[in-house]
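Residue numbers (our numbering), protein chains in the order written: chain A, 44 to 290; chain B, 90 to 593.
Worth flagging that the hints you see were computed from the coordinates, not collected in a lab. In this text, all values refer to a predicted model and were calculated from it rather than measured experimentally. Even glycine gets a Cβ: it sits at the ideal position worked out from N, Cα and C. Among the hints, a few may not be true.
With a cut-off of at most 30 Å between alpha-carbon atoms, the simulated DSBU-like pairs for lysine-lysine come out as follows [said to hold, decoys possible]:
(1) LYS350/B <-> LYS171/A
(2) LYS173/A <-> LYS350/B
(3) LYS72/A <-> LYS350/B
(4) LYS65/A <-> LYS396/B
(5) LYS350/B <-> LYS237/A
(6) LYS383/B <-> LYS173/A
Computed, partial: chain B to chain A, Cβ under 7 Å [to be verified]:
(7) ASN178
(8) ARG184
(9) ASP320
(10) MET360
(11) SER365
(12) PRO372
(13) HIS374
(14) GLU391
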Amino acid sequence: MAALRIDAKNLHYTPLNQQIRKAVCDGVKEIVIDNVLGQRFIADGLRGDDVTITVNGVPGGDLAMFMSGPTVIVHGNADHAPGNTMNQGKVIIFGSTGDATAHSMRGGRVYVRDSIGYRGGIHMKQYKEKRPILVVGGSARAFLGEYMAGGLLIVLGLNGQVPVAERGVGSGIHGGEIYVRGEVEAKYLGVGSKQLPATAEQMEMIRPIIEDFAKSFGLDPAPLLKEKYSRIAAASARPFANKYTPE
Amino acid sequence: MSIGSVPLRFKVEIDPERCMKCGRCVENCSYGVFRKESDNIVVANSRACVACHRCLAFCPRDAIDIYEKPTDYRTHPVWTREVREAVFNQAKTGRIIVAGMGNVLPYPSIFDRLVLDACQVTNPSIDPLREPMELRTYIGKKPAALSVKEKPNGDAELLTKLAPNLKLETPIMIGHMSYGAISLNAQTALAKAVTKMGTFLGTGEGGLHESLYPYQDHMIVQVASGRFGVDINYLERGAAIEIKIGQGAKPGIGGHLPGEKVCADVSCTRMIPEGSDAISPAPHHDIYSIEDLKQLVHSLKEATEWKKPVFVKIAAVHNSAAIAAGIARSGADAVVIDGFRGGTGAAPRVFRDHVGIPVEAAVASVDAKLRKQGVRNEVSIIASGGIRQSADIAKIICLGADAVYIGTSALVAMGCRVCGTCNRGTCAWGIATQRPELTKRLDPETNAVQVANLIHAWTDEIAELMGAAGINSIESLRGNRDRLRGYMLDEGLLNVLDVKTVGA
Chain A
44 MAALRIDAKN LHYTPLNQQI RKAVCDGVKE IVIDNVLGQR FIADGLRGDD
94 VTITVNGVPG GDLAMFMSGP TVIVHGNADH APGNTMNQGK VIIFGSTGDA
144 TAHSMRGGRV YVRDSIGYRG GIHMKQYKEK RPILVVGGSA RAFLGEYMAG
194 GLLIVLGLNG QVPVAERGVG SGIHGGEIYV RGEVEAKYLG VGSKQLPATA
244 EQMEMIRPII EDFAKSFGLD PAPLLKEKYS RIAAASARPF ANKYTPE
Chain B
90 MSIGSVPLRF KVEIDPERCM KCGRCVENCS YGVFRKESDN IVVANSRACV
140 ACHRCLAFCP RDAIDIYEKP TDYRTHPVWT REVREAVFNQ AKTGRIIVAG
190 MGNVLPYPSI FDRLVLDACQ VTNPSIDPLR EPMELRTYIG KKPAALSVKE
240 KPNGDAELLT KLAPNLKLET PIMIGHMSYG AISLNAQTAL AKAVTKMGTF
290 LGTGEGGLHE SLYPYQDHMI VQVASGRFGV DINYLERGAA IEIKIGQGAK
340 PGIGGHLPGE KVCADVSCTR MIPEGSDAIS PAPHHDIYSI EDLKQLVHSL
390 KEATEWKKPV FVKIAAVHNS AAIAAGIARS GADAVVIDGF RGGTGAAPRV
440 FRDHVGIPVE AAVASVDAKL RKQGVRNEVS IIASGGIRQS ADIAKIICLG
490 ADAVYIGTSA LVAMGCRVCG TCNRGTCAWG IATQRPELTK RLDPETNAVQ
540 VANLIHAWTD EIAELMGAAG INSIESLRGN RDRLRGYMLD EGLLNVLDVK
590 TVGA
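Throw the hints in and build the complete structure from the sequences for me.
This is how it looks when you write it as structure tokens:
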């Protein structure tokens with residue numbers, strides 16, 4: 044079936060999403076949306092494993108929230124919380140994103156070519172084969188991976204950026220893992236997180252993910268893979284076990 | 090010198106004359122109070138007793154007695170026993186004290202200082218046995234005005250697009266208690282009861298277990314800060330979606346289900362690994378403002394194609410009225426106000442007892458604020474936290490609520506004795522536990538009947554109260570302050586509640 048093109052100029056998000064849903068329901072596999080300018084909730088709760096949506100422009104908040112399956116490619120920046128509570132699928136952003144990127148994400152992948160705002164990957168979680176992955180090419184702001192309960196978060200620090208140089212990295216983390224190129228200054232680590240150099244085995248685990256990220260943006264993965272990485276994870280599996288006493 | 094032991098909270102005694110040594114108390118006590126010794130049954134450890142009364146309830150000979158606080162401290166009006174024992178506990182552990190159920194401080198009850206009206210001579214009462222009484226309640230947005238077009242054949246066509254509403258056959262719903270906080274058998278009993286009674290049950294933030302899918306049309310799914318169990322299937326299954334911002338028992342803080350309660354099945358509905366702590370942060374980290382709340386409300390509506398009402402639940406706090414006015418403008422269809430007497434599986438004692446305000450004052454001020462701003466029709470008000478009896482429901486409806494959530498009283502209908510140790514996970518009644526040997530004690534069928542009976546009885550009582558007041562529709566009771574009087578309430582509170590004093 045031919046690709047569907049939607050002109051989103053002056054279009055509210057509800058009729059836009061209705062058109063997307065109807066197209067997916069009718070069996071369209073390729074959707075291109077032009078002139079996107081701040082429409083929120085694009086592909087919100089959308090299903091369809093083999094559907095690709097290309098967004099030309101800047102989508103508004105909660106892009107691909109609760110999405111379960113499709114791939115969304117954004118040629119532009121994205122606002123607040125892309126990949127929020129996303130279940131499955133892929134979001135590829137050729138630009139930067141706002142705060143709470145991949146908030147509470149449960150599965151699938153979010154790739155951000157440039158940088159993300161505050162609270163990236165906060166409260167990501169995993170269950171069995173569902174393991175969300177967030178990869179950031181540039182840098183992240185404070186509270187990265189806070190309260191993380193599962194999943195994988197990688198910050199590459201491309202173009203000479205420091206991956207993260209603000210406080211609260213992994214505070215309250217009790218599952219999952221954060222990898223950064225180089226290392227995070229100890230003073231920026233949050234309560235309950237622990238940083239160690241990534242082992243060869245761990246590097247092997249993240250290698251295909253970095254390769255896939257690089258491929259998505261036409262980058263050469265080789266220089267990225269030569270570098271040293273650090274892994275930040277929970278200092279203990281039960282960070283709050285010793286905080287409470289029964290009445 | 091160590092602090093040593095504190096006096097017993099409960100002393101358990103077995104009357105040897107009455108005991109037939111059947112051993113039911115030994116089997117039923119999940120706290121290890123009783124022991125079989127050769128042919129005898131002895132009280133091995135009174136200190137472990139929580140007064141859950143499971144032993145009493147199953148003793149065939151009334152042979153067991155439980156005495157509270159058998160040893161006295163020196164009486165002191167300021168340094169109460171509870172205050173002293175909290176100090177002992179924290180001096181020993183250095184930790185935050187956690188407890189179950191609701192507020193235990195003896196704050197005066199506003200409900201108990203409000204009295205309802207009845208007709209005498211000048212206007213007749215209505216007999217609910219003879220006359221129809223309308224208790225059906227719709228929760229959701231109501232249009233400010235209707236636009237109607239007359240068709241050529243004389244029929245009227247409604248042009249106004251109506252927002253989805255929940256249809257309740259009684260203004261009593263059961264609030265959110267998650268699978269994890271309570272057992273699946275307990276949730277199943279509640280789900281069966283609400284289905285039978287034409288009302289609704291909240292799932293809490295624990296996902297929706299597969300075995301409850303048959304009752305999904307009577308379940309309100311919850312989206313809380315941990316987002317446990319939330320995916321598009323879950324959202325689509327619920328009859329409505331509730332965003333939990335706060336809880337009356339612990340306003341301002343998140344939740345924490347300890348790993349030991351996350352068994353295989355709980356892990357499956359929450360979608361987190363078995364044995365992992367389930368931590369709900371204090372805020373939703375995608376909501377840092379009222380504009381962000383609007384975004385979450387709209388994202389849930391957009392994801393479910395605008396077919397589901399979305400509720401927002403907040404704890405009753407000092408500025409509830411202004412907060413609720415913001416919620417009314419966020420696109421939410423109902424605001425749930427959870428008072429400071431609301432129950433919980435576990436909460437820090439300092440929050441449970443000291444943070445928040447009574448639901449009566451919060452609902453009255455929210456209703457007044459929304460009316461003043463002309464948006465009361467935009468949002469329904471659901472009151473919860475400390476609803477103990479049908480009179481409380483009638484009174485809170487007079488103060489402006491559309492419907493209520495009950496919680497603790499529904500558990501009491503299943504045997505709960507309000508022992509307040511839900512946090513320990515050893516509930517002998519099979520309610521607040523995930524241990525299979527305990528949860529199997531709770532039969533969903535018989536307990537569903539008991540919970541349905543309670544809702545039925547309270548609904549009948551509300552109908553009688555309405556009839557006595559000459560009111561035949563719940564809508565005429567709603568916000569009807571004229572049918573309430575305050576008894577020994579101060580002027581400030583009477584003003585907040587907008588009710589007159591008795592005699593006026």
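Going down the list of hints, with the structure as the test:
1. LYS350/B <-> LYS171/A: Distance of about 18 Å is within 30 Å: holds.
2. LYS173/A <-> LYS350/B: Holds - the C-alpha atoms of LYS350/B and LYS173/A are around 21 Å apart, at most 30 Å.
3. LYS72/A <-> LYS350/B: violated, 43 Å
4. LYS65/A <-> LYS396/B: holds, 16 Å
5. LYS350/B <-> LYS237/A: Given that 30 Å is the threshold and the Cα spacing comes to 26 Å, the pair holds.
6. LYS383/B <-> LYS173/A: holds, 29 Å
7. ASN178: Holds, because the Cβ-Cβ distance from ASN178/B to chain A comes to roughly 6 Å (cut-off 7 Å).
8. ARG184: With a closest approach of 4 Å, the ARG184/B hint holds.
9. ASP320: Hint holds; ASP320/B Cβ to chain A Cβ min 5 Å, cut 7 Å.
10. MET360: holds, 4 Å
11. SER365: Because about 6 Å separates SER365/B from the closest Cβ in chain A, which is inside the 7 Å limit, the hint holds.
12. PRO372: violated, 10 Å
13. HIS374: holds, 5 Å
14. GLU391: Holds, because the Cβ-Cβ distance from GLU391/B to chain A comes to roughly 4 Å (cut-off 7 Å).
Against the hints set out earlier in the document, violations occur for numbers 3 and 12.
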